[in-house]
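Participant: Below, each chain spelled out in residue letters.
Protein chains: 2
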Amino acid sequence: MDPIFGLQLRVDRQGQEPLRVQLQRQLSHAIFEGRLKAGTLLPPSRQLAALLGVSRNTVMQVYEQLASEGLLLSKPGSGTEVRDLALPASQEPGRPDAGRWLKGLWHDLTLFAPPERALPYDFALGAADLSLFPFDHWRRCQVRALRQFETQGLDMDWAGYPPLRALIASFVSQSRAVSCNPGQVLVCSGAQQGFSLIGSALIEPGKTLVAMESPGYPMARRAFLAAGARVVEVPVDAEGLMVDALPGGVDLVYVTPSHQFPTTVAMSASRRLALLQQARARDFLIIEDDYDAEFQLGGQPIDALQTLDKDGRVLYVGTFSKCMFGDLRLGFVIVPDWLVQPLVLARQAADLHSPLVAQAALAEFIRQGALRRHVRAMGKQYRAKHQEVCQALAGCPWLVPVPLLAGVHMALLADEALDLEALVIRARALGVNVSHSGPFGLAAGTRPRHLLLGLGPIALEDIAPAMARLNAAVAEQIKA
Amino acid sequence: MDPIFGLQLRVDRQGQEPLRVQLQRQLSHAIFEGRLKAGTLLPPSRQLAALLGVSRNTVMQVYEQLASEGLLLSKPGSGTEVRDLALPASQEPGRPDAGRWLKGLWHDLTLFAPPERALPYDFALGAADLSLFPFDHWRRCQVRALRQFETQGLDMDWAGYPPLRALIASFVSQSRAVSCNPGQVLVCSGAQQGFSLIGSALIEPGKTLVAMESPGYPMARRAFLAAGARVVEVPVDAEGLMVDALPGGVDLVYVTPSHQFPTTVAMSASRRLALLQQARARDFLIIEDDYDAEFQLGGQPIDALQTLDKDGRVLYVGTFSKCMFGDLRLGFVIVPDWLVQPLVLARQAADLHSPLVAQAALAEFIRQGALRRHVRAMGKQYRAKHQEVCQALAGCPWLVPVPLLAGVHMALLADEALDLEALVIRARALGVNVSHSGPFGLAAGTRPRHLLLGLGPIALEDIAPAMARLNAAVAEQIKA
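So the protein sequences, as listed, match chains Z and B. In terms of UniProt numbering, the first sequence has 387 at position 387, counting the first letter as 1, and numbering is strictly consecutive. In terms of UniProt numbering, the second sequence has 41 at position 41, counting the first letter as 1, and numbering is strictly consecutive.
Careful: at least some of the hints might be erroneous.
Because identical chains cannot be distinguished in the list, a pair is counted as satisfied if it fits within a single copy or across any two copies.
[Claimed, not checked] List time: in silico PhoX-like cross-link candidates among lysine-lysine, alpha-carbon distance up to 25 Å:
id	residue 1	residue 2
1	Lys310	Lys37
2	Lys207	Lys103
3	Lys75	Lys37
4	Lys103	Lys310
5	Lys207	Lys479
6	Lys103	Lys75
7	Lys380	Lys207
8	Lys479	Lys380
Hints were generated in silico from the structure; no laboratory data involved. Everything numeric in this text was worked out from a predicted model, so none of it was measured.
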């Protein structure tokens, strides 16, 4: 019997796929799976067509297609036969060994879990307050940008949509006294990508030494580790990074001078100057993460560290995650001219560029003054929330707010008598989501001393009841 | 004279900034710039207030603020003085030396320039045809997703918006016969990020050896170089990557089996099997870049290489840049289970995640069948364009289209007599933007033999006149 008859070829006239496609798939599977052996002569197209009740043309197309894929061989004069594909002998699958493949770094890290299930009172870190965000306005900007993309196109620039770069330069010069021209601004998908691109451009794996604040922001640390950096931790006190404790041979220093993460202290003026002086004397660069300093809580915030830098040693990283919302995934870095093109190259290698439509929508939002209005409104909102927390703690000697100049989260310095790990667990059981500074790096053998309250998700009117529960948890622990 | 009078402090009642902010900025600048020296005693607040014509309260607030920033020292009983900031002695700025800082890689690379100024007839590579894209439908999906984000929030998953992961798994199983479950799908910002994350997870700088097609896709190469890979080039012939030419010790092999970039050949079935066999025998992994194979040009396209892989050695990279549009910046990788979490970790370190709003909009677009309809319509459109080019070349023995099973660009194999570099220049002068394969890697001493025509930007009705000009340029060169 012709081996083709053993295949039980079937075509379904009611099927969604054309008959040709049905036939071709069955034949190619039979060849790949070894059911049609190499050298097998296929029936002439006319014969197979008659057998299946399809047109001869259909069969001829399938044969041609399979020949073009290298599955069949058309031999002039002798018909069409199955090619020798050198199919592997049946054997156990040879799965790769994950242990051999993964770089060491990825064995050691754990995933930052998605936000916990919502608790009634949520002081989660890192999220912005969206209750006042002008979504309607933003939607109009987005729709308009998409229409412009559709009808006229949007100007492409790998470093960012040109009008947005100019608007960012002007926005940060006004809100943060950062001095730059638009050519120094590189749009990226959030501060995290800023760290990662700087790492890609500057970090030599296994060589470059990066100093980080301790406690400090773990995701920046990961970006530098992923680029192959050696990381050293430098303690933070009430004036910010302890500059005198920087080790020798440091290449890059990462700081959050406006609102240290997580302790919230603002770096003192003398420390700022010392850091810049050291950068010059010891030839290192500074990465300034200015993640939420647009929100002023009292007086004038300390200007950005970049403002004081006359040498071009500060690489400034900003984000729209706090002053807009995190899901926007847009941020920027402001760097000296010599670093712009390398960062653009690193960006191309990483993921090409940020969506022009989103960039154009943001440009429109800024141009119309909506960002400035929103930042002003949110500054007021965060001030009110901050005040509410402070009032609730007025009678509590166990948790003392760290003085705050700017930012979206507070740190409460805890009395030695308090066990913050237990307190956080108890508070969560009472429906209040708070954090402590433990996971953000500590000297060995010490216990976390900062309780952390993000002011984003929680509603203003929920703060009093939330703090009442937190105070109750504190009282319980003190009594026990 | 009290040194403060030398400062020429001024407040402007008509100014936009509050008087307090104006005064504070002037004082802090004077301190930072050394015009107010350490130890200088400031006038009592009442006196300065009278001098400037502001309220005493304003001056007191400014003093307090500057004290909190570490610029002033309030000495009980003796007034307020300027702190010793240990200002650096005036000196030349100490700019960093770019040469010392930049990693070698970024010295050698050049920027991929933004698309050239538009020519009347544009066969640019890499861009999708947007003329038939259902922008209105897409806009509705986007607006709906944004509203959902605003009112209910969207489910966060670092690996991607969960409904989108499931829809992608089902879409690729139908359109590309890729077999996977949603848990193996990682949403990323385009194929480029897919390469870069795989590199970040698997490439040991200076050790890992990556084999790439030559000629091949330069941006994938850059992603692997940026991760520190050693890259080796393996030639491509009419059956795709020459598997027998893979060198020893190779760890990763990057291929474009459905539609080789840039030569457009589909990898033959026997080569596919040989590659999978070698991967098992020599323990390497395969990165399959399946960038535009949704568009079928004739017959059934060859299934993805991943379809044949029983070992979990193929890492499949897909993108929505071609079947939607590039500015969407969404793509995906499909990998064996053991690699999912490391890639998510690498993604967190790189830029956290893709916007949920965009992911939810895309999920809606797919769920409503709009993507499938668009892919079908575009397949027809690209087939028509392909045919139009072939017809125009029917009488031309100098440029022969490479047979094409799928994809958005064509390669024309040029006769030895043609100088493609000169031809491309001449064609552009005639208003026709075409490319040749030269920039994509060649054996030393050889000349490019492929003329490349992207079928995205050009309108169907423009192809005949464009090809007439191209043919004229060919005729000129042959005659000369």
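Participant: All hints, please: hold or fail.
Facilitator: Verification of the hints:
1. Lys310 / Lys37: This pair counts as between: shortest inter-copy Cα distance 20 Å, intra-copy 75 Å.
2. Lys207 / Lys103: both (17 Å within a copy, 11 Å between copies)
3. Lys75 / Lys37: Within one copy, since 16 Å is at most 25 Å while 96 Å is not.
4. Lys103 / Lys310: Result: close only across copies, 24 Å inter versus 40 Å intra.
5. Lys207 / Lys479: neither (52 Å within a copy, 59 Å between copies)
6. Lys103 / Lys75: neither (50 Å within a copy, 56 Å between copies)
7. Lys380 / Lys207: neither (45 Å within a copy, 54 Å between copies)
8. Lys479 / Lys380: Classified as neither: same-chain Cα gap 37 Å, cross-chain 76 Å, threshold 25 Å.
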